[in-house]
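2 protein chains.
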Amino acid sequence: MELKERLQKQLEFIKEIDRIKYIFRKTRLFNSDRHENDAEHSWHLCMIAMILAEHANEPIDILKVIKMLLIHDIVEIDAGDTFLFDKNKNHSNTEEELKAAKRIFGMLPEDQSEELISIWEEFEAFESKEARFARAMDHLEPILQNHSNQGGTWSEFEVPYETVVKKKEPIKQGSEFVWEHVLEILEESVNAGHLKKGEKV
Amino acid sequence: MELKERLQKQLEFIKEIDRIKYIFRKTRLFNSDRHENDAEHSWHLCMIAMILAEHANEPIDILKVIKMLLIHDIVEIDAGDTFLFDKNKNHSNTEEELKAAKRIFGMLPEDQSEELISIWEEFEAFESKEARFARAMDHLEPILQNHSNQGGTWSEFEVPYETVVKKKEPIKQGSEFVWEHVLEILEESVNAGHLKKGEKV
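Chains A and B supply the protein sequences, listed in that same order.
Residues in the first sequence are numbered from 1 upward in steps of one, following my numbering.
Residues in the second sequence are numbered from 202 upward in steps of one, following my numbering.
Bear in mind the hints are in silico, worked out from the structure with no lab data behind them.
Every residue gets a Cβ at the ideal spot worked out from N, C-alpha and C, and that includes glycine.
Wrong hints could be hidden among the right ones.
Unchecked claim - These stretches of chain B come out as covered by chain A in the derived footprint (C-beta under 8 angstroms, 3 or more residues):
id	segment
1	237-250
2	266-272
3	279-288
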């Protein structure tokens, strides 16, 4: 492929992914009632990963983690955001998301398209140490946000403590140290009355 | 410093930088009249850098470029956004920004604070090949946005073609190939009547 044609495809992709800025999450900014969009979320996760990398269970390739976090929600341009505590829908790895990955990353020159689909699949598979740490960061941010927002989505959707612990436990596989701290944050939220214990999961 | 104390400082920093999501730029999203905020902008620049890295004039350390782009606008939390075409104020490197860098990055444990201030200073100095490429990406995004928005800020603030070329020429130092393409885009905008040629700089 001629270099000019490569650039043209790359710029079309760059323009297409602008749409991630219109995908709003259930969670809200810190101390705020404004919902967060996927671009803001992805930026924040990269920062969090960069700052907390030292707490990973194993040494990680931080560039790969950041690449995962930069692109992990791009599929939501087609597939939409699914709420972690949604009772009727899987949070991720759906057919719809794979189709989206193929369409959107497929706009790039083939070598780049293959690389990004492969990084996205690695993130989704939650098997490599980079995927486990990246996912831990993805799980951590809304906990910090909810904690700053009087329980945030936990209060709003009446999610009990036990469900939060169960859904968030994968953090442990990325960083046991961060997970210990998360348990303290959750306990604080329980004590403040923003998260309810003792309900059926 | 005890590890728990490190984590506490890191989490305070992570919370503080959420404020970048409220800093709005003059430019607007692609094909849109909605202004872009600094978090969205920073995310998009990282994506653009990752995708266009092959066009850099020299091989670059992409992790360093991404770190620069992730953090380059954090100082605007205190110092605010300055418009590139502002006639009364320097775009960057002001005293105010340095003070902001020291306060905000200074929230982190000392080793991390020093690393981020140093990366931010390297970006601002525009001397290393990574800084030149990162700055090229920072200059490129609004050109693509304005091109998709019937001239965007060029029309809105009546910025003549010659001023745009002069202010955007640093792109060439990051990627001559991208700069050639930018000149074509600007020419297209002139032909479409969205950018005016032949005015005094």
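- Message: Please check whether the segment 279-288 of chain B has three or more residues whose CB lies within less than 8 angstroms of a CB on chain A.
- Response: The restraint on the segment 279-288 of chain B is violated, since only 0 of its residues have a Cβ under 8 angstroms from chain A and three are required.
- Message: Is the coverage entry for the segment 237-250 of chain B by chain A consistent with the three-residue Cβ rule at 8 angstroms?
- Response: Coverage by chain A holds here, the residue count being 10 at a Cβ distance below 8 angstroms.
- Residue count check for the segment 266-272 of chain B against chain A: does it reach three with CB-CB under 8 angstroms? holds (count 4)
The structure is inconsistent with hint 3 alone, although it conforms to all the rest.
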